[in-house]
Structures are given as C-alpha cells and as structure tokens.
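Undergrad: Protein sequence lines correspond, in order, to chains Y and P. Residue numbers for the first sequence follow our numbering, beginning at 750 and rising by one. Residue numbers for the second sequence follow our numbering, beginning at 2 and rising by one.
Note that these hints are calculated values from the structure, not bench results. Since the structure is predicted, the reported quantities are computational estimates derived from the model, not experimental observations. Think of the CB as a built atom: it goes at the ideal place given N, C-alpha and C, for glycine as much as any other residue. Incorrect hints may have been included.
As the list claims (entries may be wrong) - Think about it this way: if two alpha-carbon atoms lie no more than 30 angstroms apart in a straight line, the pair counts; the simulated DSSO-like pairs of lysine-lysine are:
id, chain 1, residue 1, chain 2, residue 2
1, Y, K756, Y, K781
2, Y, K781, P, K115
3, P, K87, P, K115
4, P, K87, Y, K842
Said to hold, decoys possible - Covered, in the sense of this in silico footprint (three residues per stretch, anywhere, with C-beta under 8 angstroms from a C-beta of chain Y), are these stretches of chain P:
id, segment
5, 6-14
6, 68-80
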Amino acid sequence: MVLLTRKIEFAASHLYHNPNLSAEENRRIFGKCNNPHGHGHNYTLEVTVEGEPDPVTGMVLDLKELKEILEREIMQRMDHRHLNYEVAELAGKIPTCENIAQVIWQLLEPKITQGRLHRVRLYESPDLFADCFRNGAGAAGKS
Amino acid sequence: MSDALRIELGRRYRFSAAHRLHSPQLSEEENCRVFGKCNNPHGHGHNYVVEVSMSGDVDPATGMIANLADLDAFVERQVLEEFDHKSLNDDVPAFREKVPTTENLCIEIYQRLKSFSQGEARAHPRPGDWKQ
Chain Y
750 MVLLTRKIEF
760 AASHLYHNPN
770 LSAEENRRIF
780 GKCNNPHGHG
790 HNYTLEVTVE
800 GEPDPVTGMV
810 LDLKELKEIL
820 EREIMQRMDH
830 RHLNYEVAEL
840 AGKIPTCENI
850 AQVIWQLLEP
860 KITQGRLHRV
870 RLYESPDLFA
880 DCFRNGAGAA
890 GKS
Chain P
2 MSDALRIELG
12 RRYRFSAAHR
22 LHSPQLSEEE
32 NCRVFGKCNN
42 PHGHGHNYVV
52 EVSMSGDVDP
62 ATGMIANLAD
72 LDAFVERQVL
82 EEFDHKSLND
92 DVPAFREKVP
102 TTENLCIEIY
112 QRLKSFSQGE
122 ARAHPRPGDW
132 KQ
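Next up, chain Y with everything else stripped away, as it sits in the complex (with noise of 0.2 angstroms):
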C-alpha cells in the first residue's frame, strides 16, 4: 500500500462561542478565539489517500481528478468564508481545527473513488493541527 498526500491551503475566519453558555464561561474556556468579531487563519490541509499504485499509470489515483475535488469541495466552500457563518456543514459546531477536520473527511470521502482516503490533517497553524483518521487506522492505533 502506497499513502500520497496532497497539500492545499485555504484563508477563513471563525470564532468560538457557545450559546448555551454563558459570556463568562465562553471567555473562560475559549480566551481571545471568542473575540466577537472572530479572527482568521492561514489553514494547511493535507489529505492523503491509500491505494496500490495502478500498473500501467503508476498513480494510486489521478492528481488533477484530486485537485478538483479539492478546489469544489474544499476551495470554493471555505477559502475566505466566514466559518461560523457560511460554511453549512460547520453550523451549530464550534469551528475548531477538530471539527473542521472531521466535516473535511465527510465531504471529501464519498468523493474518492480511487484508492481510500487515509487521513486529513488540518493545519490551524504551524504548531497546531488535528488528524482525521478512520477508527482503527493511523498514528496511535485503536483507541
């Protein structure tokens, strides 16, 4: 099995900000990310896919067909979007780097067809990123 990754990188705002809580208890656990007029990031996303290379185009799957699921999927629904706001499958959920990265896997796993999505990993930051893996696959194993 071979893993080929893919990089893109898209701009968004968001906040985080609960409505059951209340503004005390959103400043306590969300600190400066629940500035009301939210904030934005330079995300990283990488996505990578598992699969046997085919023998005759040694591809595990075609990186133009990836690129365009990314830029219809990914690009167009959250580069410079509001997260909170415009992104359909994020309303009700805080638009962390966690939930971002699941709702990523979501949309882009039906759309893979050749070879099988492995993992997302979702960078807010250099220093700061979630994976999506399928249970049971990736870095620690079962959990």
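Starting from the structure of chain Y, add chain P where the hints point.
TA: Here is chain P on its own, set in the frame of chain Y:
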C-alpha cells in the same frame, strides 16, 4: 462524532538545550566510537521540537479534545520550564544516570505528560523528530 472516525489533536513545542552523549559503562574509546562527535567533552546543543498528540472524544460543547490553554500551561510547567536553555545532563535529574539521546528524551517527556487528562484525552508525545 461519528463512531467510524477518530480525531487527534497535534501540538508542537520547541526548546533549546545542551547535552552530551556519554555512558560511564563504556570506555573512553567505546564512547568515542559509539557516540562520535556527540561525545565531545563539553557538550553541544540542539533546537528540539516536541510533537504532542492528544486522542479522545471531541466535546460537543467546546468542539475540543483538550483545552489548548490548559495543555500549553501543563507542557510549559512539566517540560519547557525544566528543559529550555538548560543542560540536559546537568540540570535534569533523569539524565544523571541515562544518556540523553532523543529516544530517552522522548520517554522522559512522555512520563512527564501522561498524567495530563481532560475528559478522555490522552497524551502521546512524539518528541524530537528533528534535532538541529
């Protein structure tokens, strides 16, 4: 969260420290042969990167596996304050007996971080992949 998916939170921290690889159980020649220039008597330094991975359920109220501010404060207290701009051999008791290789450093950091818990979150530090 879907039962079929698993989420991990990754966080990287950096510190700079001096060390020397030397085992009192080996002769001078053996130390020199095994550790090469890492055995130079006055030590040398690296910029270390510690990658900590947290697994667990995403709390629906916060969208988080672990509160980042709490994790940062814990790592600062348990690791960075003790290691950053220190000599690992001289300033960290664990390395008075053990050679401060990346492998042993990784074990020591894991021991220091494993007690961090928040809900079901668990720490899986993967430190020191890069030494510079």
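Undergrad: Next step is simple, just say for each hint if it's right about the structure.
TA: Hints, one by one, checked against the model:
1. Y:K756 - Y:K781: It holds: about 28 angstroms lies between the C-alpha atoms, which stays within 30 angstroms.
2. Y:K781 - P:K115: 27 angstroms, holds
3. P:K87 - P:K115: 22 angstroms, holds
4. P:K87 - Y:K842: Violated, at about 42 angstroms.
5. 6-14: As far as the segment 6-14 of chain P goes, the hint holds, because 9 residues have Cβ atoms under 8 angstroms from chain Y.
6. 68-80: holds (count 3)
This entry does not satisfy hint 4, going by the numbered hints stated previously; all others are met.
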